[in-house]
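Sequences listed follow chains A and B, in order. The numbering of the first sequence is UniProt numbering, which starts it at 1 and goes up by one. The numbering of the second sequence is UniProt numbering, which starts it at 1 and goes up by one.
Simulated from the structure, these hints should not be mistaken for lab results. One or more hints might be untrue.
Since copy identity is lost for identical chains, a pair holds within one copy or between any two.
Each computed DSS-like pair below joins lysine-lysine, with the alpha-carbon atoms no more than 30 Å apart [what the hints assert, rightly or not]:
| hint | residue 1 | residue 2 |
| --- | --- | --- |
| 1 | 74 | 232 |
| 2 | 26 | 190 |
| 3 | 255 | 9 |
| 4 | 220 | 51 |
| 5 | 227 | 9 |
| 6 | 165 | 29 |
| 7 | 215 | 255 |
As a plain string of letters, each chain reads:
There are 2 protein chains.
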Amino acid sequence: MLEDKNQEKTSLAELGEFGLINHLTKHFKVYSSATLKGVGDDAAVISQSEKELLVTTDLLVEGVHFDLSYMPLKHLGYKAVMVNLSDVYAMNGVAEQITVSIAVSNRFPLEALEELYAGIKLACDTYKVDLIGGDTTSSTKGMLISVTALGSAKKEDIVYRNGAKSTDLIVVSGDLGGAYLGLQVLEREKQVFQVNPENQPDLDNYTYLIERQLKPEARKDVPELLKELDVKPTSMIDISDGLSSEIMHICTQSKVGCKIYEDKLPLDPQVISTSEEFNMDSTMIALSGGEDYELLFTVPIADFDKIKGNPNFSIIGHITEENQGMNLVTRANQEMELKAQGWNSFKG
Amino acid sequence: MLEDKNQEKTSLAELGEFGLINHLTKHFKVYSSATLKGVGDDAAVISQSEKELLVTTDLLVEGVHFDLSYMPLKHLGYKAVMVNLSDVYAMNGVAEQITVSIAVSNRFPLEALEELYAGIKLACDTYKVDLIGGDTTSSTKGMLISVTALGSAKKEDIVYRNGAKSTDLIVVSGDLGGAYLGLQVLEREKQVFQVNPENQPDLDNYTYLIERQLKPEARKDVPELLKELDVKPTSMIDISDGLSSEIMHICTQSKVGCKIYEDKLPLDPQVISTSEEFNMDSTMIALSGGEDYELLFTVPIADFDKIKGNPNFSIIGHITEENQGMNLVTRANQEMELKAQGWNSFKG
């Protein structure tokens, strides 16, 4: 959990809750002039603008969403912020503030929380968001992180999930499946380590995949890019649960169908080689992998020229009438119904 | 956990996360015209006003903050909302929206979460706040609830913790110590029950105390009352951790001292009688009990006539210069230094 096992450990009980919050948050900078009061009162105070307010929240639970045996705490803090910022960007907005609440068992010393908050601070500094509040408490078991992100967007810029229209192009940023395969690699190495702790893993072939899993980046740049290209998506969602699941949200809420083309799915070479190594189907991984935090959106077909050839985007299909269903067109030109096999934490 | 042990149980895995959120939130009304989009997209969308935005968040953990052996789930849902609204009112603001995230182990069937959400809905309906989002996930053990509340206030109306001035009067709403004693009564009955499950507890003498513990109300009326009285507090805080701890926050942040008078502390007759029965000092309980969710505030001495005699408020002392320290004046007219013995979840 900590790299130097010999360093001093400070128990959380010594500090108490108020001391702990102060200790962990005192080095955070304030970026937004709208943040009038952050940590330290009953509530944070934020100056409102003419834009609309965006609010989103996510919960990460040890043993369900992360495993501290291979997830360094600093990365966990960073990722907990990314997961939430990604939802703000998926509304075509700008993220501005976060609250972070944590519940931790007594097995975590202060130094562990400092690592966690170092990751949260790195995310705040990189994405220019302000930590404005939170809660810290003990848990009877394990660690849990609850983040709420606030952002803003002009009313006319906000993109919902329900605006996709028949013939719209379906576009995805970046590439798919890397985060899921990164998790598979880390799980395998964990098992190897448990059998032989002396074994030094060689992870050179998986660096991209592991980074996608441990240090995902939210696509802050996509709303900016779309503005530059003068493209307003008709619908948008972030890919946290897998492409199939997300496109089905868009189709259901927009009352449309879709066609996704297998040969258009953007895959990193490491995704292809590692899928083969694990004897898994890379298409299935791209469709159902999850945790990539790319943005999936639809644009009118008239915007084709603005999107095509842009290295940030892949056009993977198009929207159809609702009665045509949601389908994947395989490389063999066969149509298969899309199934959501996204993440369901309630399933064993 | 559920009153009718024979009713049908539905496992959470059957519904999945999206089904679950929809199922639990579909009956919630939207009260604020500012809530443009609540549950169902990547983020909620809230129309901003000329007022400032208030944001606060709290985490409640099973086994740390609540015990389901005597806390009905409906009450727990209600209380989880109250805890957060109270923080908004403590800024002299109006609460408008909440997000609710829950992590639950598989031992909870859907019907248990329905009970929890019935309490959340009752709180939303009673306090006219909108549920705008959240996250549901599984936990490896127990239940955890994370609520974030949003509210608003005009900039000139917001009351911070740091504005108390020497000679200001210290005022508290309602009465103190009830919630703590309610917990003691419930803990005792739990032990009695464990020894003899046939024993039917007679709780008639403790109804007020138990209600204070299980169904606290946030003081939405206090900011409204103060406005009617044309009083703007110089500082305000809600009493979640006990009077001593809260007054010390005000004094530390305002750089002042205080004198609290033991004989002015507002105590309900059940607090006095039950303190005696438990052989506890009612003053200690009022100072350190916590969870009363009353508001503690300071007003200029010139407002004395507006506050005195108001049945909602008790003047319990006054602010002094910082170098005079923070003191309790006992009934025997002796000064004792105040000590914060508030709730620290990290201490055993």
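Here is how each hint holds up against the structure:
1. Neither within a single protomer nor between protomers do residue 74 and residue 232 lie at most 30 Å apart by alpha-carbon distance, with minima of 35 Å and 43 Å respectively.
2. In this homomeric assembly, residue 26 and residue 190 never come within 30 Å of each other (Cα to Cα): the closest approach is 35 Å inside a single copy and 42 Å across copies.
3. In the homo-oligomer, the alpha carbons of residue 255 and residue 9 never lie at most 30 Å apart, since the shortest distance is 55 Å inside one protomer and 32 Å across protomers.
4. Taking identical chains as interchangeable, the C-alpha atoms of residue 220 and residue 51 lie at most 30 Å apart whether they share a chain (18 Å) or sit on different chains (28 Å).
5. For the homomeric pair residue 227 and residue 9, neither the shortest alpha-carbon distance inside one copy (48 Å) nor that between copies (49 Å) is at most 30 Å.
6. For the homomeric pair residue 165 and residue 29, the shortest alpha-carbon distance between copies (29 Å) is at most 30 Å, but the shortest distance inside one copy (43 Å) is not.
7. Proximity of residue 215 and residue 255 under a CA criterion of 30 Å is satisfied in neither setting, with 35 Å inside one chain copy and 42 Å between copies.
Hints 1, 2, 3, 5 and 7 from the list above are not met by this structure, while the remaining hints are.
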